[in-house]
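Undergrad: Chain by chain, the residues:
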Amino acid sequence: MVALKSGHPESSVRRLTDRQFAYLLVIPLVAFEFALVLYPMTQSFLISLSTYDVSGTKPTFVGLQNYVDAFFDPYVQRATVVSMQFACTVVALSVLVGLGVALLLNEELRGRAIVRVLALLPWAIPEFSVGIIFSYIFSNVLGTLNGLLYSLGLIRSYTSFLNPDLAVYIVALAFVWHYSPLASFFFLGAVQTIPADLYKQAKIDGAGMVRRFRVVTLRFLRYPLLIVLVLATVEALRAFDIIFVLTYGGPAGSTSTLSYLIYTETFRTLQMGYGATISWYLALVTFIVTSLYFILIGRWR
Amino acid sequence: MTTAAIGAGAVIVVGGVAYYLSSQAPPGPSTTTAAATTSEIMTTGAPVTSAARPSTELVFSVWEWNPAMVKENVDVFNQQYNENARMDLVPGDYYATLESRIIAKTPVHMVYQHMPWMTRWYKAGWLQPLDDIEGINDMANDMIPYLWDYVQMPDGKHLGSIYWFGTFTVQYNGKVLQKAGLADADGYITDPPKTWDDLLNQCEQMKKAGIADTPLLNRWNQEFSWNICQGFEFQCICEGEELVDKKTHDPIFDLNTPVLAVCENMRDAYKRKLVPEGILTQTLSENEQVFSTGKYAYAVEVDYNIGNIYNVPEKSPDAGSFHFMSPQPGKAQTGGMVYPAFYALTNHKYYNRPADEAKRTENLFKFYSWKDKNGDYLVAKKWMKEFYLGQAYKPLFEDPEIVASYRKYYSEKDWELLKQNNFTGEPQWAMRGVVWYAPWREKLQEMLQSLVLGKVSPKDTVTNMRALADELRKKYGGAEVWTS
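Chains A and B, in that order, give the protein sequences. Take the first sequence: its letter number 158 is residue 158 in this note's numbering, and every next letter is one higher. Take the second sequence: its letter number 147 is residue 1147 in this note's numbering, and every next letter is one higher.
Think of the hints as simulated: they come from the structure by calculation, not from any bench. Treat the hints with care, as some may be off.
[Claimed, not checked] In silico DSSO-like pairs for lysine-lysine, Cα to Cα no more than 27 Å straight-line:
| id | chain 1 | residue 1 | chain 2 | residue 2 |
| --- | --- | --- | --- | --- |
| 1 | B | K1247 | B | K1331 |
| 2 | B | K1157 | A | K58 |
| 3 | A | K58 | B | K1247 |
| 4 | B | K1443 | A | K58 |
| 5 | B | K1349 | A | K58 |
The shape of chain B in the complex, shown without the other chains (with noise of 0.2 Å):
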């Protein structure tokens, strides 16, 4: 090997190392010098300080949805507080891959959150109440009433603040439901189903007509989160069954009360082949993918899809012809159920946090919650103006970009319903601060499925469902844990 060769082999091994070091170097004073650059004064309405960043990271676990959105937040929030936060995105079944980290406490900081888990995360010790934070009073007075109150454990403490909530409701396609002259020539529809039967029978009338094979598309597979035991708790809260008391969270449904109709109704509607015969294994993406197919004419969805797709006429080729029914079948004729995700802290405790490691990430929850360093509404606003994600702040709904980006989508009829849905909607109490129902809703997957093929008569299938219930309401306890 000539001398040359040496010396061209060392000065790109050097040049190699050089470039791996600085590319690994953390983000401090030398790249956020006093001299900031124009997108970060635009971006943050002042220019950073040249302090270092903190070497400690704040991490934010987020699921799948979007999470260039979420990483170009955290980076607008590293910016304004010269901080140092990453996006952990959680792939594949998010609660459990969180819980064996959490268990084994690895740093998480802050978490997107559901109402069963919260309560159960909690319990354990994992997540911070929210009361001791700084300015914590003016962000819940600026939120919907209800949405605080949702958030609240029977021991008082406050836990997660909205990532965003939106409403379920059945939707329809006005086009499919026009060919069964179900609708009027705007493609609303004319006789809204009362109940749940009725929108069976409707179903039957379209099949048996040929205007759709399978014209009900529901939530009934196994995923995470949004699965069949959503399918159920919808149907649960159109029906006006509440499944648990409120106070002593002892199980309250039985083959007396409106359970039962429902379970008699999913039975039915798979029995007569009104939903798709793979329905059990769809996923929630393929669910989104086709009902904008023309294939169906109603489906159990949440609002924001009409924005973010089924109105789109890039990607639906129905596009315009879909809306939201209103009041839902059913005996409560509700508006919908409104489902929130929230932001959540870890425990501070549980993670021996030093106080300024906490108040660093009760700056990241406030950031992303309610208002960034400038006093703006950045995160909900980007929310809800690019993905139609409800946000808790009623100003926002009536921000004018924000309501005209609504209004490309959602025609002003569908536009008034969203509002009146999430700012007088129904949450499902039945799961909040109920230590027993995360493990219950668990099992319930499998038992509604069984319901579902037949292999198990809605009977039999309340009366599992009951004493599986007692069961666990027997081990985990109701109420009194909140005060024992």
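In isolation and in its complexed conformation, chain A is listed as follows (with noise of 0.2 Å):
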């Protein structure tokens, strides 16, 4: 029991129950929760259900509506499969890249904790300031992957990567730079606890290296990488800072997935309506995906 006292020693101390404090911690949370998330949710839904264009309609109720014409907007469908080709490359690698380098980090290498800061160090980098970093190594004119390719005689002439096929996977390859470090943090968290007898024992029974690997790494692995799948699509599906600095969503939209068409939606041609619906659209798909694994995950159980 929880007591507030007064400050007069006669006054009568007045006794919250236990429910009551809980409520009282609660409570900041709930409105901090309520101000930051609830409110602006709300706000969208309810914008997302209407015609609002701030730069010259009213808005008006529209119902549904909006969300049927996305549904059949051939932009939208075009942005959910390259949305889908980038978040696919960028899970993919990020899980073998970053689980990767965590086994290579857990071996005795000399300097390893120096090895292990620099590892992690793309992932610190700004996304904004990693796409401007790869547009200087994809440019097709001053980058430096050319340069380098023409030198060594691989090229005849400065070629463009960054073309309708490429594109995506290009930036896909910018943001994997930059998250699979996370990945190996995780990945190699987790591979420190696995008890090197376990190993041993494996090897006794017979087990080669890719049996080892994965009857008790993959083992140990399994929650770090349903947190670094779920963290990796939901990043790779709200990635714009990248798109908008090495393409614009371009060359004719085949990077623009499902975030970049919010933006150009929302403050480009100033359709907030529209480009709430999107938003929905896009936390729905994130929504589906995510499921996924969980239920994935909890089957290999």
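Could you fit the two chains together into a complex? Lean on the hints.
TA: Written out as structure tokens, the structure reads:
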């Protein structure tokens, strides 16, 4: 039981029940969540039910019409495909690179602590800056990659890497460079908890390297893997800065993901209502994909 | 810890706080005493007063082009008017960023503008008409007449004054053309292409001869303003394609107007590999950096870059070889496309601005877009003399210092052409006051890039462009929205 006492020695003591005290502690957090999450989300949903175009027309309630329009909108359909291409590439490469680097960093290397810090650095660089770095690498006129390949005699003239077929993967590559250190960090933490005896026993039982990885390492990585998958998917689906800096969604919309489309609809054409609708659509896509991960990992158990 | 160490620590902390406070203090009477500095007197022509500067900041939002010069001018304004103005550099997507700030009513007093957004912002109630500003008629009478006409909206109000204007033309590298036998000994073009197809044929000839792998450089990326739409609009002007009816604001292009030829030509240039493969993601600054390398014969370019980059020996290996083509290829045989950028004021009412703040904002506007407190074209002259940004006032084109500056990098022939183009120019009337144009232009970028890549045929592109224009015209309205 908790008591709040007044300053006067003879005043009555007002006692709070545990439940009341619990509410007292929770209220600020609830208020905070309401102000910063619930209210904006409700507003966003209400806006998505209107044709709210700040540059001229007044908001008009249209019910679910924006959602119907978005469902049949070829730009939204294309952006969904591009988002999936981008997210799949990011998730697959982040897991592979992250795990590979984690296993490497788990080895007894000289200066391991410094290497670990260095390996984490790309994650500390803002996404916008990563975009600029990769724009210098992949530029078709001034890019270092073109310069390198040209110097080595591998190409006869500068080539365009950011073409409609490759651009989405190049942007994904830049994102993986930025994001995979975080994945490594999660995997490394898990790998370090695996008892060395388990490997020894597996070896005695005749398990080869691949089997040891499958039956020992992977069992311990199940939950970090879930975290990495969910985070990588969410991060990839909401990636914006890198796309903006590297390609502006082009060429010809080939890197226009859903989050980029939300930006162009909301801030470039000022269709606040429609932009909010696509935001909710993206939230739904993200929810479905991440739910699938939980189901799959649950079954793996 | 010893007492001495504590004392030293306290001194450092107190000193640090004192330094911080002094560095944060707004410039007030103590910094602008009656005993004005020599530099202040030299800059302003008169010592500044000792009155306190206003506490409310005037925010001047600008995009990223020579911010140092803008800041320098803001400082002069603050000195001359004893003011409290601040330059606010908006990185990245200028309009999108500013629009979200204005919607949130974040203080912004003066902005840079281009026509499609200026129309849209005015309709949204975000911009202040200039017509009631004291002395505005004198400024208007001083301007090259068509520029003042250009900023007049269909409701009769004027919205912007010239930050700079210049003419987009085809520019050429005389050295490259000489190799192809298309230029004389002085590097001037001898056989200017009459049509855009002629231009591509010349490019193909140079490509085959190994003179230039991709002889043509165009602005076909997706940046916020100068993008593939601008390249398209330029070619439309060259072909006499008006796109929009000036009176009704109806779209007037279709498969029977020159727009189809423009689309076919753009597609053709890419298909025949006469433009760089990566041109759709090549940034503006990359374009500017590579045109001077000698790898390109032609580029659609703005006039100021000849003085800022291409004919500057320190920046360009082929300096001295770059010239304007005139007239431009195409049926209209025009001098080029005049492209102005404006200073505009945000709406006093929208921001609930008190009268004195509104007046101060207008002072800032007049200082930048016309004359300083001493009656000189201070800002305009600096932009013209140092960065070759065309200005709206004819006397500046005769100013000996400015002429001398231009003549360092512009040959006499080019200088005369530049003046002729700018005095009798052809701005893009299609976008003036047309409320559906800005959103149409946004969607146009992707359509045009798909066209260039061959994903959509020229005919389908024109059909789609027209369908979108009709849809947006219906949604936002045409000329009637200005009277209803």
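Undergrad: Going through the earlier hints one by one, which of them does the structure break, listed in rising order?
TA: none
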